[in-house]
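Undergrad: Here is how the chains run, residue by residue.
Number of protein chains: 4
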Amino acid sequence: MSSFFGQHLHLSLFGQSHGEAIGITMDGFPAGMTIDMERVAAEMKRRAPGQSSLTTPRKEADAPEILSGVLNGRTTGQPICAIIRNTNTRSKDYGDGVDLLRPGHADYTGHVRYYGFEDWRGGGHFSGRLTAPIVFAGALCSQWLEQQGVSIVSHIQRLGNVVDDSLMDAGQVDAAALKAMHLPVLRAGLDADMEAEATRALQAQDSIGGVIECGVYGLPAGLGAPFFDSVESVLSHLLFSVPAVKGVEFGEGFGFASLLGSQANDPFRMVEGNIVTTSNHSGGVQGGITNGMPMIFRCAVRATPSIGQTQQTVSLKTGENADLNIHGRHDPCILPRAVPVIEAMAAIGIMELWKERQACVR
Amino acid sequence: MSSFFGQHLHLSLFGQSHGEAIGITMDGFPAGMTIDMERVAAEMKRRAPGQSSLTTPRKEADAPEILSGVLNGRTTGQPICAIIRNTNTRSKDYGDGVDLLRPGHADYTGHVRYYGFEDWRGGGHFSGRLTAPIVFAGALCSQWLEQQGVSIVSHIQRLGNVVDDSLMDAGQVDAAALKAMHLPVLRAGLDADMEAEATRALQAQDSIGGVIECGVYGLPAGLGAPFFDSVESVLSHLLFSVPAVKGVEFGEGFGFASLLGSQANDPFRMVEGNIVTTSNHSGGVQGGITNGMPMIFRCAVRATPSIGQTQQTVSLKTGENADLNIHGRHDPCILPRAVPVIEAMAAIGIMELWKERQACVR
Amino acid sequence: MSSFFGQHLHLSLFGQSHGEAIGITMDGFPAGMTIDMERVAAEMKRRAPGQSSLTTPRKEADAPEILSGVLNGRTTGQPICAIIRNTNTRSKDYGDGVDLLRPGHADYTGHVRYYGFEDWRGGGHFSGRLTAPIVFAGALCSQWLEQQGVSIVSHIQRLGNVVDDSLMDAGQVDAAALKAMHLPVLRAGLDADMEAEATRALQAQDSIGGVIECGVYGLPAGLGAPFFDSVESVLSHLLFSVPAVKGVEFGEGFGFASLLGSQANDPFRMVEGNIVTTSNHSGGVQGGITNGMPMIFRCAVRATPSIGQTQQTVSLKTGENADLNIHGRHDPCILPRAVPVIEAMAAIGIMELWKERQACVR
Amino acid sequence: MSSFFGQHLHLSLFGQSHGEAIGITMDGFPAGMTIDMERVAAEMKRRAPGQSSLTTPRKEADAPEILSGVLNGRTTGQPICAIIRNTNTRSKDYGDGVDLLRPGHADYTGHVRYYGFEDWRGGGHFSGRLTAPIVFAGALCSQWLEQQGVSIVSHIQRLGNVVDDSLMDAGQVDAAALKAMHLPVLRAGLDADMEAEATRALQAQDSIGGVIECGVYGLPAGLGAPFFDSVESVLSHLLFSVPAVKGVEFGEGFGFASLLGSQANDPFRMVEGNIVTTSNHSGGVQGGITNGMPMIFRCAVRATPSIGQTQQTVSLKTGENADLNIHGRHDPCILPRAVPVIEAMAAIGIMELWKERQACVR
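Chains as they are written, first to last, in the working numbering: chain A, 1 to 362; chain B, 1 to 362; chain C, 1 to 362; chain D, 1 to 362.
Extracted from the complex, chain A is given alone in its bound form:
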């Protein structure tokens, strides 16, 4: 099934791009937290389209309406459901069923999976628009985690051939500054280079991919478990749920392939009475469990499949080869909008692990 996640913090996601509404229900969220709706809205805005020339100018009213689980601005401990109405849907444009399969999209696989009964309009349930309620849920989790001293920040580590390989050490990261940047980077000026790279793709009626790197600071040691509920398992499960993510790595990740054990191991030292590691190749997770160092992971994000160029495809109606021309404007680079989604998924996953840990307290 497509829409449920979590054993301790349950999510249920629903909606289609051009249906009545999209939304999410989150159960297991702690009672008594005052929600800062302005900050929720700020996160929603980071994901919303129309923020720059790099993202689709389509306007969406992404204001979540909370239907349940909140009273007088505070969580009740009961299921929180929020919906977002789809107002900008022109479904009459979409004909009476999918015909020309868009390469790189889920048109074909969804058609097979759902026997032709899927809502094909604008990607339907597969649409990236479904990440809006995920950002809502993640924003609540982030606020709760902040109260525990945990912060989650990201930068675009790569966009096309522009690479921001700065280290995400705790001391170097200015969370507020990164959140405020449309193309968050650690090395000054690289955002301009990235914008140029994306603009080149846009001008060629093309799109471009990249890598998002995320750091989680302030985590206690002891979250997670070996094997099936390792930190990496739970987080990758969520991260690969984000449309366009095709790779996930922790710490050195694929860089481990060429490291010797003596290079890859993180030595332990006592520092001010605490056990720490003097390097962080493991990205804060050892044996599937957090070790108290910053958690570092990266997600590979493929270029958005909707491009202006003519593409080869197949017509479902004729069963023959055909050419496809996608009209309208789309995101030439989804990375700036994907950043808050990745952060939201991290917040959700960490909170699930946190609650699992609470359940096992002696």
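Honestly, the hints are just simulated from the structure, not real lab data. Heads up, the beta-carbon is just placed ideally off N, CA and C, and yes, glycines get one too. Since no wrong hints were added, every one of them can be taken at face value.
Simulated restraints, written as ranges between beta carbons of each label pair: (1) E272(D) with Q203(C): 33 to 43 Å; (2) G97(A) with Q312(D): 48 to 58 Å; (3) D174(A) with Q312(B): 24 to 34 Å; (4) G218(B) with T34(C): 33 to 43 Å; (5) T34(C) with N325(A): 26 to 36 Å.
Starting from the known structure of chain A, fit chains B, C and D onto it as the hints suggest.
TA: Here is chains B, C and D on its own, set in the frame of chain A:
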């Protein structure tokens, strides 16, 4: 929790490296399949230590004893439990609790997670030895999938600086030959280079990492779902459960970062009445659902943390810095033994997705 | 957690009596079923208040709005979310927090469970009003089950001291007639007796309980499993989720206590090439699995706790004993409104079992 | 599926009556508890056959062997697996497949469910013998709950026509005395009457059913949740997993049917600074959540289906009617052996709820 997986095919893993036995229970496996125990044993042997100078010479009697779920050589449709006794355990060597934390291992994180009550002997529940029952379960799933026309094969795509970047196209892969190789590679002769690379690490009392690439052939279109139960989510959840795996990518994976949309999209064409894609950048998964093309994924495997060199660490008993010397011989390169584990996880994940699909048949 | 159910057919329930809206999300429902919304509305109406003097005259606009999962009147195979707006909420009547604990309600237990942050207005998330979305979900399941030849009908087997102990044999039950009765009974005239019994309670400013008996006809043999996912386990889990249900029994149920084995066993016979039992003491379930005979179960329903009489209680605000007088009119007998809820839960549970069975097809 | 339970305390049950071994894995059990194996053995013995003329004289070596999760007598916080070898299995007595269907057993339903591949010998996976590992798991949970001040005790409330309708008030129950009785009753002398009732059944080559009543004392208020994870839902799910249980009720249960609201409600009062109810009709659960009063529930247990009398049945091999004579001796009354199983299920269920509560602590 650490040991449960699956909504439709349930796994329960248990045991510690130096406890009485390790084992696994699998529920939901179809009734009536005749198990080929010789082939199960062959898979177990691929994972077993002592196959070459590259792996630990430790001998383990890895013969699984099936306790339930099989009658007259056929599955009953009821829970299958198999155990493997731990015979080569010299727990008296291990003292009365963990003291010097081994870098790169779970000694520290496990100690925090389980309040000092964990079984620290030989890695306890964190030990790579727990992958033996996983290979058992995977071998059964593989046999069932074979009956559906699905095959799963792998090669070592990288070991240190030796790279086997051959394409895993269906036509090029000789599954039987790869299964028979200790260091399975597609390009002839690279296994000798890899062996030399690993031997250099061994001689330096060090260890070395790499990348395993896996191809799944014969999959129907329509397995998986968007969002939380995407193919990538379910498989990565399992793959990151394998100790030492720190990265997972599908299709072009992190290579997508520098691809334009026009390069990344897989065009559709009609071929002999079937809808296929003329390239397979997506690795057989689009929108979280299989598209009928070969599924291709890669796992980054870090070097084994047990090395002969002196390492910096901390003593839990004194609370002070200390030096660590690990005696005995360990695997300088875990890759050959990890290959059947990765394949087993793939088989388990695909079968979970297959059964989920069956549950949703109209 | 309170609001999730199912491994194969997932439900997520949300909302509070006086919040913005209540609703439910159902995932895993088959694609391609045309929904008969008139029949859904008919089921909703059976549960709605104000149908007679026996139920609260409160008017609620219980029209479900489907937000997702349906396109052109047919299910898409993706999550179906429906909400019901709360229009008749006068929350200003409710003060600023629970004070006088209503006996028999969840005021006290909810206050402890949710640390005082619960939405206390009108019972909040505990309200029987939350059964409206359950009836919606059940109505869809019933329509699907009907296509498989399964029908679910109920009668009020007992209301106070009036007992309708007629057998629910397949031949004797007129499903349409029972559905049309406000107090569905098998023995003609007993509904008038029951109405009189309930009216006596009403006139005494009191309320009255009873028993609902449900029969499920047309089930195939082979649904369910021994132990944790027995038919009885899955159904009772759902049935006890209905507020006011305090007992569940299958077949002879508590009557088994005084039966000998020779009386309790159902003999097998061949009838027209089929294996049947000549009695049905087991209520259609043996070893946790359906045997193809009608499934028969009963639910004990306690009297509604809201009564007009003065009751002893405690004030949370003063911490002292107090008297409670509940104003307004409530249901003196919830049974007629509980019948469609019980049927909905049965439909949901059977569909969950049906899909579990599909997942295990060889 | 048949063998998994729990979101926070996971159980996995496996084995067949005449297979190699039966067993259970429990994950999520807290680290650091010293297990009192003598008391575990005492619980196992209560369930074991051969304790009196009322139970089968078959001898079973029910000593559980702990394979994992325990080190130096203390739980490690990791999966606990225990197995019981089947030593007294004479499977050659059983022929080559099920033929004559035993009425009241799962022979027929299991045959349909598992396509004829089930292990039919001695009931296979359906056997009441599978309750032995459940008692093991429950014994561990009980020991943990005792440390939290919770105790679980039962009596046989009814055996055939002999009724022990004594109130299970906290003050009246002598837990140790009840645990020591073969037929635990509250009213002195009734055990002799019950024994006579059961002996009459035995002499008639018949068997007899009854009701077990269970009280749980020392529970805090606030365990459980409304709707799908109500205390009643979770416990009934487990209780109906016990073979032979066909009814479950809480507090007044089916007795609520004839009670008025004014009789059924439990008034609140302040007593020594605590909020208590002056009656306990609800059985300690209101709105699905414990209220701090004793939890009281009852299970209807049908007579064992194996009886000495000739019974009507069908032959699977001939497809014709046949007579069945079951040889060997069986339990004429399963109640004394069922008592510790019911208590074990209660302990497991309460611990699951307890851990769910911990996960939701603010």
